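A.B. asks: Chain residues, written in single-letter form:
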Amino acid sequence: METLINKFRKVAPKAAMVMAVAAGAALQGCSNTDGGNTSATAEGVASDAASAVYVAPGKHDELYSFLSGGFNGQVSVYGLPSGRLLKIIPVFTQHGENGYGYSEESKAMLMTSHGFVPWDDLHHPKLSRTDGQTDGRWLFVNGNNTPRVARIDLTTFETVEIMEIPNSAGNHCSPYPTNNNEYVIAGTRFSVPLDMKGGTSDVSLDKYEEEFRGSISFIKIDKDKGDMDLDFQILVPGFDYDLANGGKGPSEDWVFFTTYNSEKAGTLKEVGASQNDKDFLAAVNWKLAAKYAKEGKIHEMPANYYHNKLDKDTHTAQSTVKKKVRYLLPEECPGMMYLLPAPKSPHGIDVDPSGENMVVSGKLASAIPVFSFSKMQEAIKNKAFDGEKNGIPVLKYEAVLKAEVKEPGLGPLHTEFDGKGNAYTSMFVSSEVVKWKLSDFTVVDRIPVYYSIGHLMIPGGDTKEPLGKYLVAMNKITKDRYLPTGPELAHSAQLIDISGEKMKLLLDFPTVAEPHYAQAIRAEKVAPNSVKFHKLDENKHAHAVKKEADVSVTREGKNVIRVKMTAIRSHMTPDNIEGVQVGDTVYFHVTNLEQDWDVPHGFAILGANNAETLIMPGATQTLKWVPKKEGVYPFYCTDFCSALHQEMQGYIRVSPKGSKTPIAFSTGKKKQNIPGVAASH
Amino acid sequence: MKAYQKVLMVVAALSLGLLFMFPMWKIYLKAPQYPEGLELHIWVNKLGGSSESVLQNFNILNHYIGMEPIHAESFAELKYMPYIVIFFMITGVLAGLAGKRKLVLSWSILLMLCGAAGILDFYLWLVRFGTNLDPMAAIKVPGMTYIPPLLGNKVLLNFEALSLPSWGSLGIFLAITISCFTYFLSLKGKRPHFLSRTPKAALS
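Chains A and B are the protein sequences, given in the same order.
Per the numbering used here, the first sequence starts with residue 1, numbered consecutively.
Per the numbering used here, the second sequence starts with residue 1001, numbered consecutively.
Simulated from the structure, these hints should not be mistaken for laboratory data.
Wrong hints could be hidden among the right ones.
Unchecked claim - Using C-beta positions, here's what the derived DEER-type ranges look like:
hint : chain 1 : residue 1 : chain 2 : residue 2 : range
1    : B       : TYR1080   : A       : SER319    : 26 to 32 Å
2    : A       : LYS535    : B       : ASN1132   : 30 to 36 Å
3    : A       : ALA664    : B       : GLY1037   : 41 to 47 Å
4    : B       : TYR1083   : A       : THR585    : 38 to 44 Å
5    : B       : PRO1135   : A       : PHE116    : 32 to 38 Å
6    : A       : ALA52     : B       : PHE1022   : 43 to 49 Å
7    : A       : GLU630    : B       : VAL1127   : 51 to 57 Å
8    : A       : LEU489    : B       : LYS1046   : 57 to 63 Å
9    : B       : PRO1082   : A       : GLU647    : 38 to 44 Å
Stated by the list, open to error - Computed list of lysine-lysine pairs in BS3-like fashion (alpha-carbon distance at most 27 Å, straight line):
hint : chain 1 : residue 1 : chain 2 : residue 2
10   : A       : LYS437    : A       : LYS389
11   : A       : LYS406    : A       : LYS396
12   : A       : LYS532    : B       : LYS1030
13   : B       : LYS1046   : A       : LYS535
14   : A       : LYS309    : A       : LYS220
15   : A       : LYS669    : B       : LYS1102
16   : A       : LYS197    : A       : LYS278
17   : B       : LYS1188   : A       : LYS59
18   : B       : LYS1030   : B       : LYS1188
19   : A       : LYS396    : A       : LYS420
20   : A       : LYS479    : A       : LYS532
21   : A       : LYS381    : A       : LYS294
22   : B       : LYS1046   : A       : LYS547
23   : A       : LYS383    : A       : LYS344
24   : A       : LYS312    : A       : LYS59
25   : B       : LYS1140   : A       : LYS532
26   : A       : LYS469    : A       : LYS309
27   : B       : LYS1188   : B       : LYS1002
28   : A       : LYS297    : A       : LYS269
29   : B       : LYS1046   : A       : LYS546
30   : A       : LYS59     : A       : LYS660
31   : B       : LYS1154   : A       : LYS547
32   : A       : LYS323    : A       : LYS197
33   : A       : LYS291    : A       : LYS323
34   : A       : LYS278    : A       : LYS223
35   : A       : LYS535    : B       : LYS1140
36   : A       : LYS264    : A       : LYS59
Quick caveat: nothing in here was measured; it's all calculated off a predicted structure.
Beta carbons: idealized from backbone N, C-alpha and C, even for Gly.
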């Protein structure tokens, strides 16, 4: 490591200098706790940065950006260039703010074959595509820990579908959408001993090499509705599959995966998986795979995985359990899959907008190899093979290599493109972004980032036509960047202007949990389709009531009470309920009668063991409540809705078990001039 | 009456059809929390607005001050007005075809009277809603009434209300203007020297 750093200092004195200065600033931080701007890092900011990111109050940002929240299981939506946080979309996590994962309607979204799993590690957002460009319809994201792929509908910014991925363990190289959303492709990070029944076998851990396998899943996307369906899987050698990216233009039938642990080590991978000088880039012809799947090369095995979908008319999620999965074996499907040797422990794989250059970043390598798609095709034609692994041909490194970017920096991870012939690679160890030319593979610029950058993102930088104006660096560590908040500090995203020759730092903003990867899209592709409210007429929820005259409180069976309630500014109907007994399961089905933008109503009740629920205009949501003690409990609206919001409340009386108190409910005592209130007819 | 005058009269009668194609009147409400504004559209046969649910949103706002909810069903006018309009359209066409000056004049005057009655009715309607407030209302401002302007704008609490005739009213305006014009043209037709001069002028 020592020699590597020295070598690096020689070739990149500027970056080393910045590192030294940054380290100095960090050391001096303790005597500088007043939040002053004496930090050396402020010097890197472009002089016109403020005006470049200023979006006047009331004006809209140019771009939406979708940042993964990593271990918070959410996606956060920021406007660019302002860096304003617009929304947090819960995906794999319960969200007390709106009851996602708590309400009866949304609980099913988090169901898996392992039961209710209200957390996951969300890594990669990917926008749906048309003709190789982002189309602003859906956002696909992966859950790494309990393998899942979710779809967010960008008309409502809601998670509308989550599918569990069987035969996968660590859904990391996921989800990659093909250029017209034909498939969303997801690979496993950890290989496991598949029992060929949808689970893993009870196998001795010494048997990694013989028994462990990975899988790559092909999820078919309905081209109009976006609905997902697991079409088939390819069972692949027991490596670790890390990242995925796809071809464009000439290479658009292909998808590529970086792998590590070609050693097939099952323990202390830090060492065991770092022995081979070369690991692999796995290239899969997805079109050919789909053809083989259709043509009878396919096998079938039992499986057990959940597929959860939110119905847009009932606002209710439902789970289906799928019982089988189809799979292909690469050794039976010639031409479908090849392995390209890649320098030790490669991380990112990124294909440039032309579809010809495949950039593989070896996080431990000192150079960035760039493979050529046309050379790869040539090598396949000439059978320039260097043996095979599990029946998959391994191509000769020299036969596919186009060039190496020499001495780019330390710890290259990910590369995105500006569409103007330049590539930008994040350097984790040396905390910088390095710009290099795709024409001659020389480094032309570098800029420090603060600190430990993982992914970087250029809007559309992974598509055919990037918008080469901004770059967002996503950093893991923010020592000294913001006011301290105890041992845990905010992560950060940094906005860099890449419109000119030199990169210029414009802005950094704290993010919600770890900004792992991001996507951005021009606002006009998304904003005009945004739903303002749900039409009450189209609400098909089983317990919806569309006018106050229809509200009801009924006892079902022995101890279930159903309250069908409405909310409108500024009252709930009914707001007085009696006849509930201790131990009853009370379902509050609340319909928001509003038909106006931005008027949700919340519903919360004292002592509920879950959360509140937030009901969008025109929708119905259900909160379950089991009173444990007799008494009178207030409930109220939590979302400030109007001048009389405070008064939007009611009471429910709970009597002892077996009590004779009859069920009764009301709102107001006399006929009132309140729109739609159930008058005493 | 000349043929072209008959045609003009028919056009006058048919222009009332605009009432079925566009609202007669629009009331615009604007407040800081309604940057997009709320528009109530009054048609000859229905109530509408800038969005489907505009009435509900009007009523939600109005309930704070205890105003009676506005529903299309509360206005008998909306039920019979279309028949009156159709009556005028048919009689107007007939008057045109008959080519009788006096019929045209009577039709115009009757239409003017009806229009005036309509505006009066509309005004009374605004007064009724603006002053007939529930004593139990949440917001009570002493001495305050909420009569929207008949024409023009007025500030009501935090709302700026603007009331203007819309394209449908143009139908009535056209019907009256064209029929009166037709009537005067036909008067001219009675004096031969007017007519005899015209072709000469054209020739010269």
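A.B. asks: Give a verdict on every hint.
C.D. replies: Structure-based check of each hint:
1. B/TYR1080 to A/SER319: 26 to 32 Å: Taking Cβ atoms as reference, B/TYR1080 and A/SER319 lie about 56 Å apart, which means the hint is violated.
2. A/LYS535 to B/ASN1132: 30 to 36 Å: Taking Cβ atoms as reference, A/LYS535 and B/ASN1132 lie about 32 Å apart, which means the hint holds.
3. A/ALA664 to B/GLY1037: 41 to 47 Å: holds (42 Å)
4. B/TYR1083 to A/THR585: 38 to 44 Å: violated (56 Å)
5. B/PRO1135 to A/PHE116: 32 to 38 Å: Taking Cβ atoms as reference, B/PRO1135 and A/PHE116 lie about 52 Å apart, which means the hint is violated.
6. A/ALA52 to B/PHE1022: 43 to 49 Å: Hint holds: Cβ distance 47 Å, inside 43 to 49 Å.
7. A/GLU630 to B/VAL1127: 51 to 57 Å: holds (53 Å)
8. A/LEU489 to B/LYS1046: 57 to 63 Å: holds (60 Å)
9. B/PRO1082 to A/GLU647: 38 to 44 Å: 42 Å Cβ-Cβ, so the 38 to 44 Å window holds.
10. A/LYS437 to A/LYS389: violated (34 Å)
11. A/LYS406 to A/LYS396: holds (20 Å)
12. A/LYS532 to B/LYS1030: Cα-Cα ~19 Å, so holds.
13. B/LYS1046 to A/LYS535: holds (21 Å)
14. A/LYS309 to A/LYS220: Status holds; Cα separation ~15 Å.
15. A/LYS669 to B/LYS1102: Violated, at about 61 Å.
16. A/LYS197 to A/LYS278: Judged against 27 Å, a Cα distance of about 33 Å means the pair is violated.
17. B/LYS1188 to A/LYS59: Roughly 61 Å separates the two Cα atoms, so the pair is violated.
18. B/LYS1030 to B/LYS1188: violated (50 Å)
19. A/LYS396 to A/LYS420: violated (30 Å)
20. A/LYS479 to A/LYS532: violated (40 Å)
21. A/LYS381 to A/LYS294: holds (25 Å)
22. B/LYS1046 to A/LYS547: Judged against 27 Å, a Cα distance of about 21 Å means the pair holds.
23. A/LYS383 to A/LYS344: holds (24 Å)
24. A/LYS312 to A/LYS59: Not OK: A/LYS312 and A/LYS59 at ~31 Å, beyond 27 Å, violated.
25. B/LYS1140 to A/LYS532: violated (32 Å)
26. A/LYS469 to A/LYS309: Outside the cut-off at roughly 37 Å; violated.
27. B/LYS1188 to B/LYS1002: Holds - the C-alpha atoms of B/LYS1002 and B/LYS1188 are around 11 Å apart, at most 27 Å.
28. A/LYS297 to A/LYS269: At roughly 34 Å apart (the allowed maximum being 27 Å), A/LYS269 and A/LYS297 break the hint.
29. B/LYS1046 to A/LYS546: holds (22 Å)
30. A/LYS59 to A/LYS660: violated (60 Å)
31. B/LYS1154 to A/LYS547: Given pair B/LYS1154, A/LYS547 is violated - Cα atoms ~33 Å apart, limit 27 Å.
32. A/LYS323 to A/LYS197: holds (9 Å)
33. A/LYS291 to A/LYS323: holds (23 Å)
34. A/LYS278 to A/LYS223: violated (39 Å)
35. A/LYS535 to B/LYS1140: Outside the cut-off at roughly 33 Å; violated.
36. A/LYS264 to A/LYS59: The given pair, whose Cα atoms are some 54 Å apart, is violated under the 27 Å limit.
Comparing the model with each numbered hint stated earlier shows that hints 1, 4, 5, 10, 15, 16, 17, 18, 19, 20, 24, 25, 26, 28, 30, 31, 34, 35, 36 do not hold.
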